[in-house]
Amino acid sequence: MAIIRELKVCLLGDTGVGKSSIVCRFVQDHFDHNISPTIGASFLTKTVPCGNELHKFLIWDTAGQERFHSLAPMYYRGSAAAVIVYDITKLDSFQTLKKWVKELKEHGPENIVVAIAGNKNDLGDIREVPMKEAKDFAESIAAIFIETSARNAVNVEELFQKISRQIPPLENPEVDSNESFKLTRQAAPSSRRCC
Amino acid sequence: MINFQLLFTTISILYLLQDCFGKKLDVLQQLSEPREKGSSPDSSSGSGSGAGSSSGSGLLQSLLYLPVKHMHLYSRLLLKLATCFHVDSEEYSVLDEGCSRFETVALLLLRQRKEAEKTLDFWRSLPAKATDALRTPSRRLVCESDNKALTLQNAGRFTINRFILFNDALVHTQGNIPSKKFFSSYHIYPLATLWIEPVSDEEDGLFSLKFTTPEDSFTALASSPAEKASWLRSINQAVEKLLEAEMDAKMAGSSLGLGSNGGQRAEPRMSRTATHTFGKEGRYKDAAYEGRWLCGKPHGRGTMRWPDGRVYIGMFKHGQEDGFGDYVIPNKNSNKTDHYQGHCKEGKMHGFGTYWYASGEVYEGLFWENQRHGHGMLSSGKMTSSSSSVFIGQWLHDRKSGYGVFDDITRGEKYMGLWVDDQKQGHGVVVTQFGLYYEGNFSTDKMMGLGLLLSDDDTAYEGEFSDDWTLNGKGVLFLPNSDVMEGVFVGEWSSGLKVAGTYLKPNPYGPDRDRAKSRPYKLGAMAVPADEKWAAVFEECWRRLGCTSPGHGDPSRAWDSIAISLTHRDSPELLTRSQHMTLERLEVIPQLNAPFTAQSYDSIRRYLLKACDAPLHPLGWLLETLVTAYRMTYVGVGSHRRLLRHAVQEIHSFITRIYHIVSFLFPSLPEDGTFVTEVCVQETLCSSTDSGMHLELPEQGFVVSCCSLLLPVLLPRLYPPLFTLYSLERERDEELYWECVCRLNKQPDRALMAFLGVHQKFWPISISVLGETKEVLTSTKDACYATAVETLQQISTTFTPADKLLVIRHTFEEMTQEALTLLDQDFKWSMDDLFPLFLYVVLRARIRNLGSEVSLVEDLMDPHLQHGEDGLMFTTLKACYIQIQREKTT
Chain A
1 MAIIRELKVC LLGDTGVGKS SIVCRFVQDH FDHNISPTIG ASFLTKTVPC
51 GNELHKFLIW DTAGQERFHS LAPMYYRGSA AAVIVYDITK LDSFQTLKKW
101 VKELKEHGPE NIVVAIAGNK NDLGDIREVP MKEAKDFAES IAAIFIETSA
151 RNAVNVEELF QKISRQIPPL ENPEVDSNES FKLTRQAAPS SRRCC
Chain B
1 MINFQLLFTT ISILYLLQDC FGKKLDVLQQ LSEPREKGSS PDSSSGSGSG
51 AGSSSGSGLL QSLLYLPVKH MHLYSRLLLK LATCFHVDSE EYSVLDEGCS
101 RFETVALLLL RQRKEAEKTL DFWRSLPAKA TDALRTPSRR LVCESDNKAL
151 TLQNAGRFTI NRFILFNDAL VHTQGNIPSK KFFSSYHIYP LATLWIEPVS
201 DEEDGLFSLK FTTPEDSFTA LASSPAEKAS WLRSINQAVE KLLEAEMDAK
251 MAGSSLGLGS NGGQRAEPRM SRTATHTFGK EGRYKDAAYE GRWLCGKPHG
301 RGTMRWPDGR VYIGMFKHGQ EDGFGDYVIP NKNSNKTDHY QGHCKEGKMH
351 GFGTYWYASG EVYEGLFWEN QRHGHGMLSS GKMTSSSSSV FIGQWLHDRK
401 SGYGVFDDIT RGEKYMGLWV DDQKQGHGVV VTQFGLYYEG NFSTDKMMGL
451 GLLLSDDDTA YEGEFSDDWT LNGKGVLFLP NSDVMEGVFV GEWSSGLKVA
501 GTYLKPNPYG PDRDRAKSRP YKLGAMAVPA DEKWAAVFEE CWRRLGCTSP
551 GHGDPSRAWD SIAISLTHRD SPELLTRSQH MTLERLEVIP QLNAPFTAQS
601 YDSIRRYLLK ACDAPLHPLG WLLETLVTAY RMTYVGVGSH RRLLRHAVQE
651 IHSFITRIYH IVSFLFPSLP EDGTFVTEVC VQETLCSSTD SGMHLELPEQ
701 GFVVSCCSLL LPVLLPRLYP PLFTLYSLER ERDEELYWEC VCRLNKQPDR
751 ALMAFLGVHQ KFWPISISVL GETKEVLTST KDACYATAVE TLQQISTTFT
801 PADKLLVIRH TFEEMTQEAL TLLDQDFKWS MDDLFPLFLY VVLRARIRNL
851 GSEVSLVEDL MDPHLQHGED GLMFTTLKAC YIQIQREKTT
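If you're matching them up, the sequences are chains A and B in order. Taking full-length UniProt numbering, the leading residue of the first sequence gets 1, the next gets one more, and so forth. Taking full-length UniProt numbering, the leading residue of the second sequence gets 1, the next gets one more, and so forth.
Take these hints with a grain of salt, some might be off.
Said to hold, decoys possible - Restricting the straight-line Cα-Cα distance to at most 25 Å, the calculated cross-link-like pairs of lysine-lysine (DSS-like) are:
1. A/K90 / B/K761
2. A/K46 / B/K828
3. B/K317 / B/K345
Hints listed in this document are in silico derivations from the structure and should not be mistaken for laboratory results. From a predicted model like this one, the values you see are computed outputs, not experimental measurements.
Let the hints inform the model, and build the full structure from the sequences given.
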């Protein structure tokens, strides 16, 4: 019937921009929501249908503090997509975002889907990052762009749907009528060491 | 019993007298007078000196029989005595019994005397000279073919064949009619090693009997069916009687004498114990065999002794050494002996065995038709394997051939590579005790051709070699500071090189500055691929499973082979109780039904754990041999940091190849990495070991993985050498890490948490120590998140990546528990909060070789876990390890 594809998604962005709030919102209120009691919102999964495939997002949170910045490669290694979150009320967080984009382009996995999410859209009155500027930037790097509000659950679902659509479908989908589900995984990255 | 013995002696003496036909009759008569009342043993001394005439012999005979005649008197006397007592009294019954016993003895003696007389008559009927050699005192005639016609099949027209059956041997005489010499030649066939069977050819009008002896077999024809039956019965009875007498003698010796059960069996044992010295030409010429026989052939346990001193003690089959045995072979050049202990087949060393050479070398491994062939280990030099040069690897017709590891103790080098005809030939790797690493080509036992040499300080040379450690030809020298020299090199590595070439210093700000860091040469390209190592070990395992080539065979036959090897213990070592229990439990073969479930997976896992503990099990043997090979490779000089990649690849290759065997034994086991969906969720399945899988509705189940199945049996055995390699490779950054750990740990809890950026809401206000609640002060140290710290410390006590991941998971659980006491129940971790706190826990845990632990998990963990929750938790630990090294500021 359907193929389940496991897709690793990495969350990047400054601390306090609401990375985990977005995914918590995304995962909540759904029949299969699953928040691990062990590490909370640091790791979340959610399966969404996309065409004749099922995309199971394995969402990895990262530490946003500046001092842990250099550890990020370990987290985004093998990711199919990266969501870079910034706070529309903080210009600094948008500057950090630009750094992330640059790094991903240079060192990130090939063909990684980059999505830019301007969070705290509900606080438009204290906005520091103009939507147009962000959108233009996103277009210049061919990234997905969306402004979200984790608090009001605005555009959260859409963000992941957009990512889903950007993921190239499997070239040779083996749809076996006898098996109801088939699990495929991303190929493990060939390099075993990153440092 | 005394009487029994007495009779034998008497008759022996009688024979002596009769044979001698002496002259001093009167002396004898004189002697005989006082002896009339004397005890019979005295008479033996008398007869030795005495001799008698024919009349004298009659006298002596009656004289010697006198005590025998008294038997009747004794019995009558006892009977008379008995009448004095009441019939019911005890005395009466004792006397009565005594009386009847005397009667029995008397009867027995009478019968034996008759037999003796018959034999005597027979001897008399033959020319004394010819039969001298045959006449032995205790030999009795049973029957002969003169009165019961039996002749040799296909006998010549003019030969006369006679068969004479004695109580201990069958004599076949041949003579020819014209000369009337019946005894011109004869063969004695001891009954103990004579087998007879009737041939069913009566329709052809023949009544033949087939005789089998250790070195001869012939067919004799009886004149009628009755004759045939009669001979068959007589011979069989004689054989049986003889064997029983021998058995009784043995039993009496071991004080278990229960006597024969009287009833004679019609068929004598086909399998029996006997002694024989071989006479005919062949391997066994003049060798004496003692042991079990079957139909004329040594079969079963026995001992063969050759006149040149060779001795074989062990199992025989159809006349040849076959099965487990022990050879001792005197060495011609020294007074020491060669010694072989192991399996034999058709008279040759074949199968697994150990050979101790007189020279002190020891070979332990597989043999094939007397040659070292297959996997084996040869230790030479000193007797102890700890201080000798050792070769372990593949043999082909007594020569090293294929992949092998040679630990050369005299040169302090270890070679791991290919061999041809006892010489290093082809790709190989050499490491030395001084830290050099060479990989490349070998020819006629020397480094030859293209090779790559690395010294401990990361100086590397890639180019042509001509003699061991001698550079000769084009090459590139890479210096540790990434300077490069390219040109023609000549000279020995350790004693100065002549270089004609260009020196290159890369521009530190140039575009390829990154490339300079990563070396242009590739390690492992000229080494033997892991999948090609130890091929003979796997072949032997497949062979033991009854397969001609890997995977080609019948699994049910393989299970039969396993059952046989488990029960067929022929080595003499005793098993401990726990080993017995393991073997018993292995008798149960996991029955796997059609749908492959978590239970079947679990039963396979448990079966493997047991099987790998039993060296008799083909898998157990495989594992044991691989572990030995692995340790021989990576211990000692092989404990070299550059060998880590080889060691890891070897483990991966072991897993794949063992998994192949396991899935052959359990055909329902899915391929590695298959996701098995389960219809209903089983509580047991979702234990923490199956972490990383989320029980979301559409995909309950588990992943079949060769790592999770086989690492638990493999890793605990390979862990020490492997972990040493990891810590050697990680030495430099582990040192930095440890320095930082020590420095940062000087701080009290609160200061450290503040330093690491742990959010204040996670700072414990109070901690409970032994049930007492204490407030956390600024000076409090090693108290916060103590349970999580202790949990994480257990990572060093586990072997498999799965177990280490479990430890990490438990650590996070403990952290969450503690954090929950500080915060409201609705709290959820985000990495921003979690990471600094986990960093604190990792620092406090002070794990000595964290870098090695991390690398080991990374290399060997289940690939399907790496993007899951376990993967994230592991990545976080790894990130902490990296981060700690960067925390330079205090």
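Structure-based check of all given hints:
The hinted pair formed by A/K90 and B/K761 meets the criterion: a straight-line CA distance of about 24 Å does not exceed 25 Å. For the proposed pair A/K46 and B/K828, the alpha carbon gap of about 17 Å is at most 25 Å, so the pair holds. For the hint pairing B/K317 with B/K345, the CA-to-CA distance comes to about 9 Å; that is within 25 Å, so the pair holds.
Violated hints: none; the structure is consistent with every hint.
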